[in-house]
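A.B. asks: One-letter residues, chain by chain:
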Amino acid sequence: MALMELHDVDMEFESGKGKGTIGAVVNANMVIEAGEIVAVIGESGSGKTTLGKVMVGVHKPTRGKILFEGKDVESLKGNEFKQYRLGVQMVHQDSYAALNPNKTIYHSLSVPLFHHKLVKGHKEAVGVLEDNLREVGLTPPEHFLEKYPHQLSGGQRQRILLARALSMKPKLIVADEPVSMVDVSLRISLLDLMTRMNERHGISFVYITHDLGTARYIASHGRIVVMYLGRQIETGQIQRTIENPKHPYTQALISAVPEADPDRRSDFAHTLPLKSLDMPSLLSLPQGCKFNPRCPYADGVCETEEPKLLPYVDESGGACGEVSCHHAKEIAKGLKTGG
Amino acid sequence: MEAKPILEIKNLCIEFQTPSGALRACDDVSMTIYRGDIVGIIGESGSGKSTMASGILQTIKPPGKIVGGEIYYYPLSGEAVDLLKLDAGGYTKYRWSSIATVFQAAQNVLNPSLLVKEHFLETAWAHNPDLSEEEVMEKAKVILNQVRLEERVLTSYPHQLSGGMKQRTIIALSLILEPDIIILDEPTTALDVITQWYIIDILKKIHHERGITMIFLTHDVSIIGSVVDRIGVMYAGQLVEYGKVEEVFKSPKHPYTYGLMNAIPSLKDDVSKRKAIPGYPPNMLQLPAICRFSPRCQVHLDGNCEGSKELTDVMYETKTGQLSRCYKYQEVCKLCH
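Chain order of the listed sequences is A and B. Everything in the first sequence is counted per the numbering used here, starting at 1 for the first residue and increasing by one. Everything in the second sequence is counted per the numbering used here, starting at 1001 for the first residue and increasing by one.
No wet-lab data here; the hints were simulated from the structure. Wrong hints could be hidden among the right ones.
[What the hints assert, rightly or not] Lysine-lysine pairs mimicking BS3-like chemistry, simulated, CA-CA at most 25 Å apart: (1) A:Lys275 to B:Lys1334; (2) A:Lys117 to A:Lys169; (3) A:Lys123 to A:Lys77; (4) B:Lys1268 to A:Lys333.
[Stated by the list, open to error] Listing some non-contacts, in silico: residues in chain A with all C-beta distances to chain B over 10 Å: (5) Ser15; (6) Gly64; (7) Tyr84; (8) Leu118; (9) Pro149; (10) Arg187; (11) Gly202; (12) Arg216; (13) Gln237; (14) Asp263; (15) Leu272; (16) Leu309; (17) Glu315; (18) His327.
Note that the Cβ used here is the ideal one computed from N, Cα and C, for glycine as well.
Next up, chain B with everything else stripped away, as it sits in the complex:
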């Protein structure tokens, strides 16, 4: 069956005005997310993944501004909508009820002076004031059960919950309006390994039971490698690679992805094969005049690529639909050794 797109991001550009000029945190990002998929977007701090998510959710605040692009959302039935063309009121229809999010540092998202129950009521009533308290609570209990929390959480204050319980509460809160898409921004960072395993397990089961499209943003590929269907890699505001997870893992088509895959120590691999990526991420206000990754790129440093900027302004597609910003994409695995 042909996969149906649910979200189509086209040439999304987001800029932040700074005293030293405009900083383009999200630069010409295009990607299609398919209904029912779990997509992982990996990138280091400052790579623009959270900015892109804010763009989708339209929560960019000044000095930030969406300066270009289109984001099409395809509802299950009905016409596609360009989310960026909607005014603030028009977007309210979609935010949380179609596209929900679990923010980074979710532990701090809950209002400390409200009961968990009140968070659920507030969210539900904001979108449908006609619901009775019983109806909302009924739904909340089902969802809490899915994230394996007891009902007594509803009558607790946030400070009475552990970090893992808060994170599960936030996930439940994001599901209360039965969204189509849920964006998870670093959902397990700052949690212990065992809690992290638990959260991922819960998310996998929710995906299995509800078929919600999930977008995972993280800096640590090991967390999502065994969960996602597709993976996108961001570097310095650009999407540098996007494809099916098996392909991206086995034959990365961008030297940055190649480096990342070899830079993460795991429990099973040969320690001596791990290799650092040289250098540091670029200053987004002083980007190199050539390919953004070239100062750290093995292929460029070995003299096998001149790092032309023009050629990296577009993305290249392999026969199997893997996208890469590197114009030497066919030789990456060979040249990186």
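The shape of chain A in the complex, shown without the other chains:
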């Protein structure tokens, strides 16, 4: 039984001024196994954060079903619902905004423990929190409990958030851009920490990011889901997807990633395989494939028919994830050239 399953999940928001609805997440299907790390990649406006919030139950999906340990989340009551809410935790991007600036770290971290009756009394709470802080590498822990958020660095606050998530003994942590606001030299150690939590406690991670480099680092054996305008357009094993992307958008995204090494200067893409750089507005989406106005391979069928996310089988008959493109096969064989 998978830890979490999403079946045909749509998440729509009412747009102001009666302009209709915005489909922030459209037809999301996903299976997250226990102990797995899944990276969700997308640019701003691709719906990756909304997808994460749907998973943790912040948003109730407009349509579709979410199963947690095989049970429909919507039908859960009482203790079972509590198990779900505690079992799925979220870590946000902006660690400063996620902690109350007027409360000490002890206060912010002990409230959930008392609320869910996981500890009895102050002494036990301190004990549990000190263990958690040690676990996330904040030593000595007693030094941090009485601090206020502004007294800590961005990297330390992000660790506090991980400790807070950890104190609920979660089975899944949805980490939304956890390192994008952290200094470069501290990013790797945070990613290492999440990997360690994954290995030691078997916690599954959904790592939401726009940075392919860190995604590859944390989910090197895991899966990747690429999103574009609310839709999942490609999924697969992360390493294979980066080496051999199938969807034209994934191809463009990967060629745009800068390469630090000056020796590889010539590798830096001279042109991007894109017709236009600007993403269409979510309020006036194109017909057919949502990527067709920017896609160099687009033809008639792309303008009328929206492709489905289908399993991709390569020449040798091996399954290579899923892709939603009418022409993925021809593009891979080099039969289709960009216009």
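Using the hints, position chain B against chain A.
C.D. replies: Showing chain B alone in chain A's frame:
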């Protein structure tokens, strides 16, 4: 051909007065920037790179103060000027017309109640009130074309533009007076990968066509590694390494640079070789009494360096002109393994 300096920063010190004492955000920074180069300055938040840029532009506001140093600007023809000796009026001659900047979070730089066109006119007229509107617009259109924006942007309000378009508008605005030097403070942060690629591509072409000297300030070396000629690394207010980009990459002479190069996950490298730099950046008000980087330094933590403060008060130069603040600079690559 011998490279000609365009900007020479000597012992620049900038302090901020705080209730708990003076905070030296930029401490004795010396570096020479050559005409036509693209220079990258990398450093984490609080390392002093933006403060240094404000020093060059003379936009330091109280409680900040330039407490020492010299900044020489060498115009194409004529005498060198010490920018720090100029009074506010004297500097106006150089700001924007010789040295322009693209600020961090440029998306918020445009005035929301003015048309893009008015930004161009205002800037041009501030420096040369005799220009006619047609002349300015003519120039603006050429530059907009270079940053690949349509002319209709001129008659738009900032909120009608996307983040990437705003960033390109700001770059165009910085070029309107044809400066010699342009300082770009985190020009691509907060932009998507594809937009980021586009901005860098545009900047490379502008550099190629106009030969403008560019100074890139960023915290992410991967963005500039394949673009810049020289790279400077700042840590805790000090310049810790400066040299040609190939040399700094292949044989870093400071343990911090070494750590940074190995701390950034990319798409191609071996994941298992990535290694975190231990610890956290220092509190600038409670700096260690020894070498500032020593609490995080592999060489120091392994017991191979005592981290003498006196010895790190100066910078050391290799035969090829690479500068490092680490006095074990010759052994850094060996000791860091």
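A.B. asks: All the hints need checking, so say for each whether the structure fits it.
C.D. replies: Against the structure, the hints:
no. : hint                  : in the structure
1   : A:Lys275 to B:Lys1334 : violated (47 Å)
2   : A:Lys117 to A:Lys169  : holds (13 Å)
3   : A:Lys123 to A:Lys77   : violated (32 Å)
4   : B:Lys1268 to A:Lys333 : holds (23 Å)
5   : Ser15                 : holds (17 Å)
6   : Gly64                 : holds (27 Å)
7   : Tyr84                 : holds (32 Å)
8   : Leu118                : holds (30 Å)
9   : Pro149                : holds (15 Å)
10  : Arg187                : violated (7 Å)
11  : Gly202                : holds (21 Å)
12  : Arg216                : violated (6 Å)
13  : Gln237                : holds (14 Å)
14  : Asp263                : violated (7 Å)
15  : Leu272                : violated (6 Å)
16  : Leu309                : holds (22 Å)
17  : Glu315                : holds (24 Å)
18  : His327                : holds (21 Å)
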